[in-house]
Amino acid sequence: MLNEGDLDVLIAEVAERYGYDFSNYARASLRRRVNRLLVIDRFPSFAELLYKIKNDASYLPHLVQELTVNVTEMFRDPATFKTLREQVLPILATHPFIRIWHAGCSSGEEVYSMAILLQEANLLHKSLLYATDLNPAVIENIRKGIFPLNLMKDYSENYIEAGGRNDFSNYYTAKYNWAKFDESLKAKMIVATHNLVSDRSFNEFQLILCRNVLIYFDKVLQDKVLGLFDDSLDQLGFLVLGSKENLRFSPIAKKYTQLTNREKIWRKTG
Amino acid sequence: MAQNRIDNFKVIVIGGSAGSLDVLLDITSLLPSMLKAVIIIVLHRRSDSESILEKLLSYKTQISVSEVEDKEPIRPGHIYIAPGDYHLLIENENTFSLDYSEKVSYSRPSIDVTFESAAQTFKERLLAVLLSGANADGTEGLGVVKEYGGYSIVQNPETAEVGFMPRQAINAGFADSILDGKEIAVKISELLRQ
Chain A
1 MLNEGDLDVL IAEVAERYGY DFSNYARASL RRRVNRLLVI DRFPSFAELL YKIKNDASYL
61 PHLVQELTVN VTEMFRDPAT FKTLREQVLP ILATHPFIRI WHAGCSSGEE VYSMAILLQE
121 ANLLHKSLLY ATDLNPAVIE NIRKGIFPLN LMKDYSENYI EAGGRNDFSN YYTAKYNWAK
181 FDESLKAKMI VATHNLVSDR SFNEFQLILC RNVLIYFDKV LQDKVLGLFD DSLDQLGFLV
241 LGSKENLRFS PIAKKYTQLT NREKIWRKTG
Chain B
1 MAQNRIDNFK VIVIGGSAGS LDVLLDITSL LPSMLKAVII IVLHRRSDSE SILEKLLSYK
61 TQISVSEVED KEPIRPGHIY IAPGDYHLLI ENENTFSLDY SEKVSYSRPS IDVTFESAAQ
121 TFKERLLAVL LSGANADGTE GLGVVKEYGG YSIVQNPETA EVGFMPRQAI NAGFADSILD
181 GKEIAVKISE LLRQ
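Residue numbers (the working numbering), protein chains in the order written: chain A, 1 to 270; chain B, 1 to 194.
In case anyone wonders, no lab produced these hints; they're calculated from the structure. Here a beta-carbon is modelled for each residue, glycine too, at the ideal position from N, C-alpha and C. Wrong hints could be hidden among the right ones.
If the Cβ cut is set under 7 Å, some of the chain A residues that face chain B in the computed set are [unchecked claim]:
id, residue
1, A26
2, V69
3, E245
Between the sequences and the hints, there should be enough to build the whole structure, so can you do that?
Pasting the structure below:
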């Protein structure tokens with residue numbers, strides 16, 4: 001198993017050679033990712049992994065993909081999506097144009113969930129959904145809109161719990177083991193790579209969702225990224241975090257008011 | 001178990017799955033109210049259910065019980081519960097962190113993950129307790145606990161509601177002590193009063 005010194009060496013190597021800076025990632029989780037990588041790629045020891053990183057640039061995309069966590073689902077925490085549907089979208093509806101940023105959205109399940117909400121509220125035509133992640137490989141999936149069919153039962157249940165009234169299977173076509181989501185849902189998606197560690201604000205939004213991404217960062221990086229969101233959010237815009245993430249102790253907290261039902265949704269009021 | 005220095009609090013991580021709730025409630029009700037240790041509970045349960053565990057445990061003790069939020073400080077004298085559908089990690093001596101990565105042994109939270117992470121940080125100050133359950137989670141983590149000098153208590157599979165999980169750990173040779181449910185509660189309260 002990896003020791004703390006090994007982790008520092010790897011972080012320095014990847015930053016210097018490839019420009020991906022993991023130095024402010026939460027250590028406990030990152031150490032697990034590297035240990036997992038040693039197992040799945042069958043490296044006998046850390047030295048072999050390091051040699052690969054130093055000598056094979058083609059290994060980088062896979063490395064970045066495995067060091068980061070790309071687990072996500074549709075309508076995760078249905079109560080949060082229900083609140084978006086019932087309390088946030090009616091406010092956004094008053095805008096002539098709606099810009100939404102899904103930061104660190106991985107393979108895009110949540111972006112499709114949002115597109116479904118917008119379509120049902122008849123708002124999709126005047127919305128733009130910016131879907132970004134640092135992994136080029138995973139965001140490719142957003143463009144395809146294809147997800148494993150065996151997950152659709154769970155997603156359908158989440159959808160109904162989130163206040164959905166349609167037959168969820170109307171939104172996709174099943175083929176072999178895959179569900180391909182309706183083209184109309186992705187018409188308003190803009191997919192791009194964006195690294196929250198090193199890239200800047202690129203637009204102004206009325207709604208930013210970044211769920212279960214900050215948990216992989218240390219406090220310093222969390223505060224920096226929350227500052228980036230603050231810079232990118234319109235006055236009275238909304239910020240949505242993961243169910244165990246909190247704005248409470250961050251420097252931007254005083255400008256934000258959490259919705260009264262305690263969902264992890266804050267409004268920029270200050 | 002090595003002697004604890006005065007300034008170093010003890011850490012107890014309790015992992016349980018099917019059939020472990022009653023033992024957990026017994027352990028909680030016998031905890032001294034002036035608790036100096038940190039208690040961390042990792043229990044397999046349905047991910048979508050609102051946590052009633054926090055309430056159930058709160059009825060049994062005056063010690064504060066709460067589900068962990070990301071980067072929450074680790075404070076002695078508290079009972080912490082791993083939130084449903086997240087792995088609970090120890091970022092450092094003073095801070096928790098959460099992780100939504102792949103399930104381990106079909107479980108999230110995984111007992112292995114928290115045992116391993118706590119072992120690496122708290123070493124010989126860690127007491128790991130593995131209770132009743134129907135899957136193999138916990139055994140590998142107990143191995144790491146042993147490797148770092150921690151102490152392990154495993155529930156007696158003969159009297160546990162579901163013996164599979166503790167039996168795995170015992171067969172692997174990672175149990176320092178094998179006790180019935182009631183005895184575990186008494187043993188922990190004794191250790192904490194020392």
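Here is how each hint holds up against the structure:
no., hint, verdict
1, A26, "5 Å, holds"
2, V69, "4 Å, holds"
3, E245, "5 Å, holds"
In summary, the structure agrees with every hint in the numbered list given earlier.
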